[in-house]
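> Chain by chain, the residues run as shown.
Protein chains: 2
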Amino acid sequence: MSLGQITIIGVGLIGGSLGWSLKKHGSCDLVVGYGRTQESLQQALSMGVIDRAETDLAKAVQTADVVILAVPLQAMESLLVRMRPFLPDSCLLTDVGSVKVGVVDAVAKVFGEIPPTLVPAHPIAGLEKSGVTAARSDLFEEQRVILTPLPETSRVALSQITELWESVGAEVECMSVDDHDHALAMTSHFPHLLAFLYMQLMGRQGGESLLPYAGSGFRDFSRIAGGHARMWRDISLDNRESLLPLLTAYKNQLDDLFDALDNQQGDDLESLFEQARDLRNQYRG
Amino acid sequence: MSLGQITIIGVGLIGGSLGWSLKKHGSCDLVVGYGRTQESLQQALSMGVIDRAETDLAKAVQTADVVILAVPLQAMESLLVRMRPFLPDSCLLTDVGSVKVGVVDAVAKVFGEIPPTLVPAHPIAGLEKSGVTAARSDLFEEQRVILTPLPETSRVALSQITELWESVGAEVECMSVDDHDHALAMTSHFPHLLAFLYMQLMGRQGGESLLPYAGSGFRDFSRIAGGHARMWRDISLDNRESLLPLLTAYKNQLDDLFDALDNQQGDDLESLFEQARDLRNQYRG
Numbered sequence: 073m074s075l076g077q078i079t080i081i082g083v084g085l086i087g088g089s090l091g092w093s094l095k096k097h098g099s100c101d102l103v104v105g106y107g108r109t110q111e112s113l114q115q116a117l118s119m120g121v122i123d124r125a126e127t128d129l130a131k132a133v134q135t136a137d138v139v140i141l142a143v144p145l146q147a148m149e150s151l152l153v154r155m156r157p158f159l160p161d162s163c164l165l166t167d168v169g170s171v172k173v174g175v176v177d178a179v180a181k182v183f184g185e186i187p188p189t190l191v192p193a194h195p196i197a198g199l200e201k202s203g204v205t206a207a208r209s210d211l212f213e214e215q216r217v218i219l220t221p222l223p224e225t226s227r228v229a230l231s232q233i234t235e236l237w238e239s240v241g242a243e244v245e246c247m248s249v250d251d252h253d254h255a256l257a258m259t260s261h262f263p264h265l266l267a268f269l270y271m272q273l274m275g276r277q278g279g280e281s282l283l284p285y286a287g288s289g290f291r292d293f294s295r296i297a298g299g300h301a302r303m304w305r306d307i308s309l310d311n312r313e314s315l316l317p318l319l320t321a322y323k324n325q326l327d328d329l330f331d332a333l334d335n336q337q338g339d340d341l342e343s344l345f346e347q348a349r350d351l352r353n354q355y356r357g
Numbered sequence: 073m074s075l076g077q078i079t080i081i082g083v084g085l086i087g088g089s090l091g092w093s094l095k096k097h098g099s100c101d102l103v104v105g106y107g108r109t110q111e112s113l114q115q116a117l118s119m120g121v122i123d124r125a126e127t128d129l130a131k132a133v134q135t136a137d138v139v140i141l142a143v144p145l146q147a148m149e150s151l152l153v154r155m156r157p158f159l160p161d162s163c164l165l166t167d168v169g170s171v172k173v174g175v176v177d178a179v180a181k182v183f184g185e186i187p188p189t190l191v192p193a194h195p196i197a198g199l200e201k202s203g204v205t206a207a208r209s210d211l212f213e214e215q216r217v218i219l220t221p222l223p224e225t226s227r228v229a230l231s232q233i234t235e236l237w238e239s240v241g242a243e244v245e246c247m248s249v250d251d252h253d254h255a256l257a258m259t260s261h262f263p264h265l266l267a268f269l270y271m272q273l274m275g276r277q278g279g280e281s282l283l284p285y286a287g288s289g290f291r292d293f294s295r296i297a298g299g300h301a302r303m304w305r306d307i308s309l310d311n312r313e314s315l316l317p318l319l320t321a322y323k324n325q326l327d328d329l330f331d332a333l334d335n336q337q338g339d340d341l342e343s344l345f346e347q348a349r350d351l352r353n354q355y356r357g
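In order, the protein sequences belong to chains A and B.
Numbering-wise (the working numbering), the first sequence opens with residue 73 and increments by one.
Numbering-wise (the working numbering), the second sequence opens with residue 73 and increments by one.
Each hint should be verified, as a subset may be incorrect.
The list makes no distinction among identical chains, and a pair is therefore deemed to hold if it is satisfied within one copy or across any two copies.
As the list claims (entries may be wrong) - Restricting the straight-line Cα-Cα distance to at most 20 Å, the calculated cross-link-like pairs of lysine to any residue (SDA-like) are:
{"id": "1", "residue 1": "K201", "residue 2": "D292"}
{"id": "2", "residue 1": "K201", "residue 2": "N353"}
{"id": "3", "residue 1": "K201", "residue 2": "Y355"}
{"id": "4", "residue 1": "K96", "residue 2": "Q114"}
{"id": "5", "residue 1": "K96", "residue 2": "E213"}
Think of the hints as simulated: they come from the structure by calculation, not from any bench.
For clarity, every value in this text was computed on a predicted model and none was experimentally measured.
Whole structure, please, built from the sequences with the hints as guidance.
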């Protein structure tokens, strides 16, 4: 299988790792990397992550067979506007965003419809680091990638994007945009919000003077609050429709916990903690 | 230095590790372990964690120079009631509980006053495992131990318990009971509650069907929800006076976050996340 020319828009950790993996596995003829500046593109070239670097968006996409958007969520719409005039009709269009509703809305707005070539994708891979220097050619091996094809998506497009991810070792699964965004809100985006709010509270309750008394529980629980602030702003805004009801539900649980503690309802507390623990202990990862 | 006979009430992970460490460092003449049943005591004897096993509380404490309570928080008061008639007046009394207000209240209730021999202590060491089989003779090396002496505590008692912990490699620090309980509520107890509530929410929003989509962020954030339900019930109840105001403050923050998300106030979100990240990134541990 060869997917022809693949153009990656944004050669950071995910875009870079994907280009590198595709090259390693011979999945395509050519990997073109598009970026705003030469610096990270030259780094990507010297690492062997891409075959060709482009800072001209038209040149980057006009001969592409697949275009992969690997830029921050809030940057996707303006890039789609700028590339639209140069994008071949048959070119497959996919992305690697953590929220799917936003990119689908952006494509619908820019194209006036959902083109049959659109196959939104989300590789569930580590996001702690960033930038092409953190890229790895094995980042997606045995990692889950969720595709969220739309009713308008063609079977051929879906099949080819599936092959693309499988060629780099990923395990591909399909679900609806809504199911994806709800699942990721619950498993990833919402805990990030909770961790950020927790650190905000610590800042108000003593701040860094408390850190010497923090142990391994704190270390692990709060690690995700060290994440990229702008990226999490984008994810939160894009996925707010899934996140808002979770915030409300969690607030109600806080009320119930407050009452149970205040009334010293030990059995209720223990039962809550047991159920939480039982679900947590089913996690294998 | 020798502290004479040290009796450890409850030979689990912490009590067992402390006995083992004291023996290894020659900090005392004799380590007696008290437990309700022979089984874990025999295990402790065979591991060399204690010198002598006792299931008779009177025999365990009547010749002791130091008694260390290393039992669950909710068990302390009844043990104090039972040992009180046999405890020598000069015997130092300390503990290893995660909350200090409860043990101080229990001692005051059982003794009718705070004796000058009381030196509450809290070694901040890993609690993920439990039982004497998880004990280690180096568990406290370079680990922080907080002592919370009372106004009634004698200088000699404080000095000897300080020496006890320093002899096993711990870094000893003193603070008030209230300061300790507030600091630990913020750095340890409150995040446990948040993690338990998060798993409760996941249980209501899809439960185990969501776990396949959970990555390393989930893994670390929710790890502490796998903790010992009864122990965390005890800690929560004992430290409720510090925890309840944190629950209220956090709920207010959830309200503010809800509004910021609902109104798409991207700058406010990014600023919140940045401040949270900056504090988190000051953590060294």
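> For each hint, tell me whether it holds in the structure or not.
Here is what the structure says about each hint:
Proximity of K201 and D292 under a CA criterion of 20 Å is satisfied in both settings, with 16 Å inside one chain copy and 16 Å between copies. For the homomeric pair K201 and N353, the shortest alpha-carbon distance between copies (14 Å) is at most 20 Å, but the shortest distance inside one copy (27 Å) is not. Taking the shortest alpha-carbon separations for K201 and Y355, only the inter-copy value of 18 Å comes in at or below 20 Å, while the best intra-copy value is 24 Å. In the homo-oligomer, the alpha carbons of K96 and Q114 lie at most 20 Å apart inside one protomer (19 Å), although the nearest pairing across protomers, at 58 Å, exceeds that limit.
When the C-alpha separation of K96 and E213 is checked against a cutoff of 20 Å, the pair qualifies only within one copy, where the shortest distance is 12 Å, while the shortest distance between copies is 47 Å.
Of the numbered hints listed earlier, not one is contradicted by the structure.
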